[in-house]
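Quick note, the sequences are listed as chains A and B, same order. Position 281 (the first sequence) corresponds to 281 in the numbering used here; numbering is contiguous. Position 45 (the second sequence) corresponds to 45 in the numbering used here; numbering is contiguous.
No lab work stands behind these hints: they were computed from the structure. Treat the hints with care, as some may be off.
The list that follows gives simulated cross-link-like pairs (lysine-lysine, DSS-like), each with its CA atoms no further than 25 Å apart [claimed, not checked]:
| hint | chain 1 | residue 1 | chain 2 | residue 2 |
| --- | --- | --- | --- | --- |
| 1 | B | 36 | A | 177 |
| 2 | B | 53 | A | 235 |
| 3 | A | 36 | B | 36 |
| 4 | A | 351 | B | 53 |
| 5 | A | 199 | A | 187 |
| 6 | A | 327 | B | 36 |
| 7 | A | 199 | A | 3 |
Where chain A lies over chain B, by a calculated footprint (3+ residues, C-beta under 8 Å) [what the hints assert, rightly or not]:
| hint | stretch |
| --- | --- |
| 8 | 19 to 29 |
| 9 | 54 to 61 |
Backbone N, C-alpha and C fix where the C-beta goes; we use that ideal spot for every residue, glycine too.
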Amino acid sequence: MKKILIANRGEIAERIIRTCNKLDLETVAVYSSADKDLPYVRQATVAYEIGDPPAAKSYLNQDEILRVAKEENVDAIHPGYGFLSENASFVRRIREQGITFIGPSAEVVEAMGDKITARKTMQEAGVPVVPGSGEIVDVTEAVAYANEITYPIMLKAAAGGGGIGMQRCENDQELEKAFVSSQNRAKAYFGNGAMFVEKFIDDARHIEVQIVGDIHGNVVHLYERDCSIQRRNQKVLEETPSPFLSEETRRQIGEAALLAAKHVNYTNAGTVEFVMDQEENFYFLEMNTRLQVEHPITEETIGIDLVEWQINVAKGEELPLKQEEIKPTGHSIEHRLYAEDPTSFMPSPGKIEALQFPEIEGVRIDSGYESGSTVSPFYDPMIAKIIVSGASREEAVKRSIDFFAAFSLTGIKHNGPLFTQLLKENNFQQGNYSTSYLAKILVKK
Amino acid sequence: MQEVKASMAGTVLNVMVGEGDTITAGQELVMLESMKMEIPIEGVEEGTVAEVKVNVGDFVNEGDVLVTVK
C-alpha cells in the first residue's frame, strides 16, 4: 500500500494525512469548491476538486470520487466518518475496482446501517438491546406498541443517524402527530421510510465501546467512552474512562461489545453504542462501522494510533495487541469546538478572523481550520477537537479549564464559553451527568 | 403576497404545508437541515399557501423562496 485517497474533509482528513505521513504513504485529498482553501487540501500529496458545495454534489458523489481514485491509481480509500463512510454500495464499488476500503465488509456496513436489522442481529448475538419494536408500518401499530411498552418512547427511522431522524414522544397525541411526517421525511431524506419505536430511557448515559478486528479472526475492545454530554442528541464532550462505571460494569460492557463484534465477524475499527440507565443496566443502541469522531481519547489513554491500526488491518496484518495487553492509563476528554451560539446552539458559519490555541500540557488539537478559514454552512459545524489528557480526571478537567480560559477565536460565534461553564459545574466535576444534563444547566443559567 | 425564505443554506427535511392550506402567523411551514441542525422556517403573517416551491431533499441557499403565502 503506497497511496490512499481520503474521501472526506476538514479535521478528519488532516488527521488521516498525519498518520499517512508517518507511515510514508502518499495521500490524495478531494474537496468541494467551498473547501478549496482549507489546510487539508494543501497538506495532501495531491488534491482534486470534485464538485459544488452541497455534499450530494461533492463528498457524496461516488462517481467523481471513484474517478479520481482510478486516475490517481490509489491502493486504498479511507472514508473518515459521516458522508460515504457507512454506505455499503460505495464499499462494494471500491472493492469492485480492486481498491482496498479501509473499513469493514459491505455486508456488515449494510446490516448495521439498518437500525432494525442491527437490533435483531444483536438480539441473536445475546447482547442486551433497548426494548423496542421491529418495523412498524402505520400509526395505529405505533400507538398500540407504545402503549404496550409505555411512554416516553423514541420514534426512529431505520436508516437514521447522527441525531437526525428521531423524535421523543410522551403520549398518543404526540406520536400520532409525529408518525406520518417522520415516515415521509425518512422516505425522502434517507430513501427508506421504515420506522420503529424504542423505549426512551430517562436520565440515560451514552456509553460506547471501541472495537477493532482483523481478518484473522482477532477482535479486541479498547474500553469505553462516555458521550453523555450532548445537545439535540449530538455529542459535545466525550471522556474516557467514564466517571460513572463500576469496574464490574466496565468489564461487562467490554465483553458485550466483543460479543457483538464477533457475532458479525467484524473487521477494522468500529464502535458499539449503548445507553445505560442509573442502575448501570446497559442496552445496545447501534453500531458505527467506521472511525468515530471521538476516537482520539481512546488513542490518548491506550497510547496507540487507531488510523494506523485501521490501515494495517486493511493491509491484512494481525492486530498488534491482544486483549490482555490493552491497559488504558490516565484520563482523556474531547471537547468539540463548534461554530455555533453557545446557548441557543444555532449554527454560526462565517470567516474565522483569528484562531489561537494556547499551549497547555496534555492538550492535543485535531483541527480542520486556521485563522482566515471560512466555516461554510454546508457541512457539520465542528471547527476542531480539543483533546485534553491528564494522569487523573481532576488533572484533565483542570487543564481543560486552563485551556478555555486562554483560548481565543474571533469572527464567528463558537461554543468555547459553554465549555468554560460546563467544566466548572459541580455535578460535571463529580462526574454526575446524563444525556439531558447540558440542556438542564443551560436552563439553570 | 408573503415570500417565506430560507434563513440559511441547507437541505429541505420536511414540508409541513400544502397549497391552499390556511396558516397562522408564526406557524412552522418548512424544516431545513443545516449544519446538522433542524431549523424551522416560519410564516410571518396568517394567510393561505399559494405555492410550495421546494420538495423534501432539495438543497436551498440562504434567501431562496420556499413558500409563497397570499
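Against the structure, the hints:
{"no.": "1", "hint": "B:36 x A:177", "verdict": "holds (23 Å)"}
{"no.": "2", "hint": "B:53 x A:235", "verdict": "violated (34 Å)"}
{"no.": "3", "hint": "A:36 x B:36", "verdict": "holds (21 Å)"}
{"no.": "4", "hint": "A:351 x B:53", "verdict": "violated (30 Å)"}
{"no.": "5", "hint": "A:199 x A:187", "verdict": "holds (23 Å)"}
{"no.": "6", "hint": "A:327 x B:36", "verdict": "violated (35 Å)"}
{"no.": "7", "hint": "A:199 x A:3", "verdict": "violated (46 Å)"}
{"no.": "8", "hint": "19 to 29", "verdict": "violated (count 0)"}
{"no.": "9", "hint": "54 to 61", "verdict": "holds (count 4)"}
Hints 2, 4, 6, 7, 8 from the list above are not met by this structure, while the remaining hints are.
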